[in-house]
Amino acid sequence: MKKLVFCLAVLGSIFTGCSSSDDDTPVKQPVTGEISSNITANTTYAYGNYTLKGMIKVSSGVTVTFEPGCKITCDKSTGENGLIILNGGKLIANGTADSPIVFTEKSKVGGSWAGIIMYGDAPIVNSATAPAPQTAVSEDGLNLTYGGSNAAHNGGSLKYVRVEYAGQVITTNSKENNGFSFYSVGTGTVLDHLVAYKGNDDGFEFYGGTASLTNSISYANSDDSFDWQDGWRGQENTNWYAYQTGVANYGLEVESKSVDNAFWPKVTNITLRRAAGTTTEAQSEIQLDAIQFKKEGNGDYSNIIIDGYASQTTPTAYNGGAIQILDKATYDHQVAGGKIKLNNVKITNTPLTFISGVPASFTVTAGSFVPAANWTTSTTATGAALTGGAWATVDGLNLLEKL
Numbered sequence: 005m006k007k008l009v010f011c012l013a014v015l016g017s018i019f020t021g022c023s024s025s026d027d028d029t030p031v032k033q034p035v036t037g038e039i040s041s042n043i044t045a046n047t048t049y050a051y052g053n054y055t056l057k058g059m060i061k062v063s064s065g066v067t068v069t070f071e072p073g074c075k076i077t078c079d080k081s082t083g084e085n086g087l088i089i090l091n092g093g094k095l096i097a098n099g100t101a102d103s104p105i106v107f108t109e110k111s112k113v114g115g116s117w118a119g120i121i122m123y124g125d126a127p128i129v130n131s132a133t134a135p136a137p138q139t140a141v142s143e144d145g146l147n148l149t150y151g152g153s154n155a156a157h158n159g160g161s162l163k164y165v166r167v168e169y170a171g172q173v174i175t176t177n178s179k180e181n182n183g184f185s186f187y188s189v190g191t192g193t194v195l196d197h198l199v200a201y202k203g204n205d206d207g208f209e210f211y212g213g214t215a216s217l218t219n220s221i222s223y224a225n226s227d228d229s230f231d232w233q234d235g236w237r238g239q240e241n242t243n244w245y246a247y248q249t250g251v252a253n254y255g256l257e258v259e260s261k262s263v264d265n266a267f268w269p270k271v272t273n274i275t276l277r278r279a280a281g282t283t284t285e286a287q288s289e290i291q292l293d294a295i296q297f298k299k300e301g302n303g304d305y306s307n308i309i310i311d312g313y314a315s316q317t318t319p320t321a322y323n324g325g326a327i328q329i330l331d332k333a334t335y336d337h338q339v340a341g342g343k344i345k346l347n348n349v350k351i352t353n354t355p356l357t358f359i360s361g362v363p364a365s366f367t368v369t370a371g372s373f374v375p376a377a378n379w380t381t382s383t384t385a386t387g388a389a390l391t392g393g394a395w396a397t398v399d400g401l402n403l404l405e406k407l
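Mapping to my numbering: the sequence shown position 147 is 151, numbers consecutive.
FYI, nobody ran anything at the bench for these hints, they're computed from the structure.
Every residue gets a Cβ at the ideal spot worked out from N, C-alpha and C, and that includes glycine.
Among these hints, one or two may not hold up.
Label pairs and their computed distance ranges (CB to CB) [unchecked claim]:
1) Lys110 <-> Ser315: 51 to 61 Å
2) Asp336 <-> Thr357: 13 to 23 Å
3) Val31 <-> Ser382: 45 to 55 Å
4) Ser262 <-> Leu401: 31 to 41 Å
5) Ala280 <-> Gly392: 15 to 25 Å
6) Lys332 <-> Pro72: 41 to 51 Å
7) Thr380 <-> Gly65: 46 to 56 Å
8) Gly392 <-> Gly341: 32 to 42 Å
9) Ala377 <-> Thr47: 49 to 59 Å
10) Val113 <-> Ala394: 16 to 26 Å
11) Ser315 <-> Gly92: 39 to 49 Å
12) Glu240 <-> Ile96: 37 to 47 Å
13) Val141 <-> Glu285: 16 to 26 Å
Let the sequences and hints guide you as you build the complete structure.
Next comes the structure, spelled out in structure tokens:
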């Protein structure tokens, strides 16, 4: 009997050992490669490290996929670099919190490449009189036409993607780029857990379209953290965090091509923080406020934290403020017209609540908002709610530390 028990014990230990060995998973090794020509056929880039050379276009009808953990590096010394998804093309870049997909640049200097640029054919607004669908020409130097009537345009899926050191500006307003540039992108496109880090222009910019952005960070970008024009109307936006430091302009810049629209974007859970000593972009710039509305820009915004938009003395002396209304048309049609809604707003370390722009023929106050319920403040607003991880960490820096 004792021998039988001993034999069974030995067999059990053997099987246990085999089971443990069988569970070992081999470590996946990254591949290396180069992306140096336009992508004209469906392509998947396996987990690995890639060099991006040139302004690479993804053709219409083509899907390019990057696996989690991919790192794509540009080198500004080789010329202009960027990834452009043309209308009809798709980018599938679904990273994870622990294995984000990172697009970066070798020198680690902001403005060194063009970032990710996506085109669609969702609606835009470019004129108060032109018939729909309206179109416009891009300001990225590619001179591509964007706009259309396809509100459900699908440009792919971007999750846990970080763009670093982008925002290349060659010629202001005619050849400039951001971290992420979305030209008339539609609701079929997923934009979630994205990071624009230390770019030389805007972190995120929407040129019309209907797409929404969720759970995203704009960190240390030298122009605006989030910017849009052309009647962008995304409805499902939430958890936006901007941290401005060094050189930066507006937290949100909101405009709509001077067209008084009957629609507007909606954003909930916003945190806009500006570090002490942060200055505006140029000597002539006074773009210091947390949120600026101009050219009939409007929207519905709620649960907002605004912190640190203090006055500056250089390069231009200017009193910082939470909300700026730049022009009288925006004041008359959007503020008094009931199309700007700012609710549950918590303001700290910001000397002025409202700033009136030019000409000096109007004064923005809490009483300017119609109805009165369109402006409410709070001491308990929570702003953006985000969870950290590798996706929100750059060279050991936790991007959510100040959240």
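- Task: State the violated hints by number, sorted upward, taking the hints as numbered earlier in the document.
- Result: Hints 1, 12 contradicted; others consistent.
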